[in-house]
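A.B. asks: Turn these sequences into a full structure, and let the hints steer you where they fit.
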Amino acid sequence: MNIKEAEEQIMEEFSHFSDWMDRYNYIIELGKSLPVIDPQYKTEQYLISGCQSQVWLHARYEEGKIVFTADSDAIITKGIVNLLIRVLSGQSPEDIINADMKYIDSIGLRDHLSPTRSNGLLAMIKQMKLYAVVFKAREGR
Amino acid sequence: MSYRTEHIRAQFPILQQQVYGQALVYFDNAATTQKPGVVIEALAAYYEKQNANIHRGVHYLSQKATDAFEETRSLVKDFIHAEHRHEIIFTRGTTESINLVASSFRKAFLKPGDEIILSMMEHHSNIVPWQMACETSGAKIRVIPVTESGCLDLDAYRALITDRTRLVAVTHVSNTLGTINPIKEIIATAHQHNIPVLIDGAQAVAHLKVDVQTLGCDFYCFSGHKMYAPMGVGVLYGKEGILNALPPYQGGGEMIKNVSFERTTYNELPFKFEAGTPNVGDVIGLGKAIEWLEQTGIENIAAHEHELLAYATRKLEECGEIRFFGTAPLKAAVISFLISDLHPYDAGTILDRLGIAIRTGNHCTQPLIDHYGIPGTMRASFAAYNTKEEIDRMMEAILKVKQMFA
Numbered sequence: 008m009n010i011k012e013a014e015e016q017i018m019e020e021f022s023h024f025s026d027w028m029d030r031y032n033y034i035i036e037l038g039k040s041l042p043v044i045d046p047q048y049k050t051e052q053y054l055i056s057g058c059q060s061q062v063w064l065h066a067r068y069e070e071g072k073i074v075f076t077a078d079s080d081a082i083i084t085k086g087i088v089n090l091l092i093r094v095l096s097g098q099s100p101e102d103i104i105n106a107d108m109k110y111i112d113s114i115g116l117r118d119h120l121s122p123t124r125s126n127g128l129l130a131m132i133k134q135m136k137l138y139a140v141v142f143k144a145r146e147g148r
Numbered sequence: 328m329s330y331r332t333e334h335i336r337a338q339f340p341i342l343q344q345q346v347y348g349q350a351l352v353y354f355d356n357a358a359t360t361q362k363p364g365v366v367i368e369a370l371a372a373y374y375e376k377q378n379a380n381i382h383r384g385v386h387y388l389s390q391k392a393t394d395a396f397e398e399t400r401s402l403v404k405d406f407i408h409a410e411h412r413h414e415i416i417f418t419r420g421t422t423e424s425i426n427l428v429a430s431s432f433r434k435a436f437l438k439p440g441d442e443i444i445l446s447m448m449e450h451h452s453n454i455v456p457w458q459m460a461c462e463t464s465g466a467k468i469r470v471i472p473v474t475e476s477g478c479l480d481l482d483a484y485r486a487l488i489t490d491r492t493r494l495v496a497v498t499h500v501s502n503t504l505g506t507i508n509p510i511k512e513i514i515a516t517a518h519q520h521n522i523p524v525l526i527d528g529a530q531a532v533a534h535l536k537v538d539v540q541t542l543g544c545d546f547y548c549f550s551g552h553k554m555y556a557p558m559g560v561g562v563l564y565g566k567e568g569i570l571n572a573l574p575p576y577q578g579g580g581e582m583i584k585n586v587s588f589e590r591t592t593y594n595e596l597p598f599k600f601e602a603g604t605p606n607v608g609d610v611i612g613l614g615k616a617i618e619w620l621e622q623t624g625i626e627n628i629a630a631h632e633h634e635l636l637a638y639a640t641r642k643l644e645e646c647g648e649i650r651f652f653g654t655a656p657l658k659a660a661v662i663s664f665l666i667s668d669l670h671p672y673d674a675g676t677i678l679d680r681l682g683i684a685i686r687t688g689n690h691c692t693q694p695l696i697d698h699y700g701i702p703g704t705m706r707a708s709f710a711a712y713n714t715k716e717e718i719d720r721m722m723e724a725i726l727k728v729k730q731m732f733a
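Taken in order, these protein sequences are the chains called A and B.
The first sequence maps to residues 8 to 148 in this note's numbering.
The second sequence maps to residues 328 to 733 in this note's numbering.
Everything labelled a hint here was simulated from the structure, so no lab data went into it.
A few of these clues could be false.
Said to hold, decoys possible - The calculated DSS-like cross-link candidates involving lysine-lysine, where the alpha carbons are at most 25 angstroms apart (straight line), are:
id: 1; chain 1: B; residue 1: K536; chain 2: B; residue 2: K715
id: 2; chain 1: B; residue 1: K729; chain 2: A; residue 2: K39
id: 3; chain 1: B; residue 1: K391; chain 2: B; residue 2: K404
id: 4; chain 1: B; residue 1: K584; chain 2: B; residue 2: K642
id: 5; chain 1: B; residue 1: K536; chain 2: B; residue 2: K404
id: 6; chain 1: B; residue 1: K727; chain 2: A; residue 2: K39
To be verified - Estimated spans, in silico, between C-beta atoms of each pair:
id: 7; chain 1: A; residue 1: T123; chain 2: B; residue 2: F588; range: 52 to 60 angstroms
id: 8; chain 1: A; residue 1: R117; chain 2: B; residue 2: P472; range: 38 to 46 angstroms
id: 9; chain 1: A; residue 1: R117; chain 2: B; residue 2: I583; range: 46 to 54 angstroms
id: 10; chain 1: A; residue 1: K39; chain 2: B; residue 2: S329; range: 29 to 37 angstroms
id: 11; chain 1: B; residue 1: Q622; chain 2: A; residue 2: D118; range: 51 to 59 angstroms
id: 12; chain 1: B; residue 1: K584; chain 2: A; residue 2: T50; range: 57 to 65 angstroms
id: 13; chain 1: B; residue 1: P439; chain 2: A; residue 2: T50; range: 32 to 40 angstroms
id: 14; chain 1: B; residue 1: E621; chain 2: A; residue 2: P122; range: 37 to 45 angstroms
id: 15; chain 1: B; residue 1: A350; chain 2: A; residue 2: S40; range: 30 to 38 angstroms
Keep in mind it's a predicted model, so treat the numbers as computed, not measured.
Cβ coordinates follow ideal geometry from the N, Cα and C atoms, glycine included.
C.D. replies: Shown next as structure tokens:
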């Protein structure tokens, strides 16, 4: 599945929810079902610190694709982390760099990515793109 | 006259609105209070009728603006019962007041090996300016620990005082725990050793009567925006003697007596510390807020808030699974808690969608939050216009949160 398809799938899932509470209940579910990150990566080195909540992000490069795993101490943040991973993990560095992430707006979660929210999510996207830039540069050598 | 909350609420235009289709419950008053109509109108009136640069202006408007500005200085002096008008310095807020003292105090008094005593419950704005002062002077910070219930350990405080202690800086009321500290005792102890004391009064002035002469503090700092006044204005009170001993903070217009390229002499108090054009409109707004507070009666507001605090504490206790942070016997209108192990960001996000504005996180007191070993707290803080019905709505919302994350 490419980025566009993954985004469309998520938007389709969210289109069934008529109110915010259903939406958040689903995000909570996504938070609980996020694949567990290897505990060895839940360290300072992989920590993206927000003022409100924290995110741990690990990336590895496999056959031209980047595989991300992540975790957060807050469930709602973790649910949104799940949505970011579903779209960006397993994609090529080039596609990750070019992803506009606008689907987050259309499923009504833009607030959670505002720079003032300081929950680690915006910094997480930056970090994912940074990994993509680095892996792309290494590949080009 | 009895305290009528609906009469008070009606004076705050912002409280009449809805958020997400529900009446707003505003419990983030420790961050900033809302402003009564009289304060908002005073700002508009100033810009419509009085705006001019103050002091030294010979023209009519400048004179009127100067009078209104200086009238507020008198109001502040009486509000905190300072001895002299020139002991009241207008700043941008508590943060700037503390930075001013830390910067000027360092230049005048701090040497390598000197010590500053702070407490573990200080807001970052009463930690970082001192760290900066220590970095450039070689002085060190000593920290008064906090007991389990959220009180300052006064035995430990006394033990921290040495012949190298140059200043004690503590908060009057903890913004995270609500603890009202025994600052009179803390000040008296320091003064036995001739050590000056700075009090961060940001969380106190709107909730209890402050008398700087009875307290005896050398500096008292507070912000307008946490006491129903506009943002961007605050006060530094300092005793005349120590203010005269400190060098100026910023240079510019207003703070000088004579300027030549060879030698500049500084103005007298309070102007020595008020470089540049001050925030005249907001200072006048602060004056209106003080009048409003005094008409409403700080004692009346305190009694009302105390009732809300007791009610909220009881309701939260009844709710079960609530962990309280800050259970000191003497507290202002702040209640910090967690719902079991639920992350405050999760709970706060849902409460927001239910129209309840509380604050979550470390409340700019990271050392204190780290001390408790938690990611932060949920903090509800009350003001003159809050009601028990609003607390009931918060409790309903907390039940909802518990269901959603069960």
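A.B. asks: So if I understand the rule, the pair passes when the alpha-carbon distance is 25 angstroms or less; does B:K729 with A:K39 pass?
C.D. replies: holds (15 angstroms)
A.B. asks: When you check the alpha-carbon spacing of B:K536 and B:K404, does it fall within 25 angstroms?
C.D. replies: With a Cα-Cα distance of about 13 angstroms, the restraint between B:K536 and B:K404 holds, given a limit of 25 angstroms.
A.B. asks: Does 52 to 60 angstroms hold as the CB distance between A:T123 and B:F588, or does it fail?
C.D. replies: violated (45 angstroms)
A.B. asks: Would the pair B:K727 and A:K39 pass a check requiring their Cα atoms to be no farther apart than 25 angstroms?
C.D. replies: holds (18 angstroms)
A.B. asks: Do the beta carbons of B:Q622 and A:D118 sit within 51 to 59 angstroms of each other?
C.D. replies: Distance hint for B:Q622, A:D118 is violated at roughly 39 angstroms.
A.B. asks: Would you say the C-beta atoms of B:E621 and A:P122 sit inside 37 to 45 angstroms of each other?
C.D. replies: Check passed, 40 angstroms falls within 37 to 45 angstroms.
A.B. asks: Quick one: are B:A350 and A:S40 within 30 to 38 angstroms, going by C-beta?
C.D. replies: This hint holds: roughly 35 angstroms between Cβ atoms.
A.B. asks: Regarding the pair B:K584 and B:K642, is the alpha-carbon distance no greater than 25 angstroms?
C.D. replies: Not OK: B:K584 and B:K642 at ~59 angstroms, beyond 25 angstroms, violated.
A.B. asks: Would you check the hint for B:K391 and B:K404, treating anything up to 25 angstroms between C-alpha atoms as holding?
C.D. replies: holds (20 angstroms)
A.B. asks: Need the status of pair B:K536, B:K715: alpha-carbon distance at most 25 angstroms?
C.D. replies: Roughly 24 angstroms between the alpha carbons, so the hint for B:K536 and B:K715 holds.
A.B. asks: Okay, A:R117 versus B:P472 on CB: inside 38 to 46 angstroms?
C.D. replies: Check passed, 42 angstroms falls within 38 to 46 angstroms.
A.B. asks: Given the range 29 to 37 angstroms, decide if the beta-carbon distance of A:K39 to B:S329 lies inside it.
C.D. replies: violated (51 angstroms)
The structure fails hints 4, 7, 10 and 11 (numbered hints given earlier, in ascending order).
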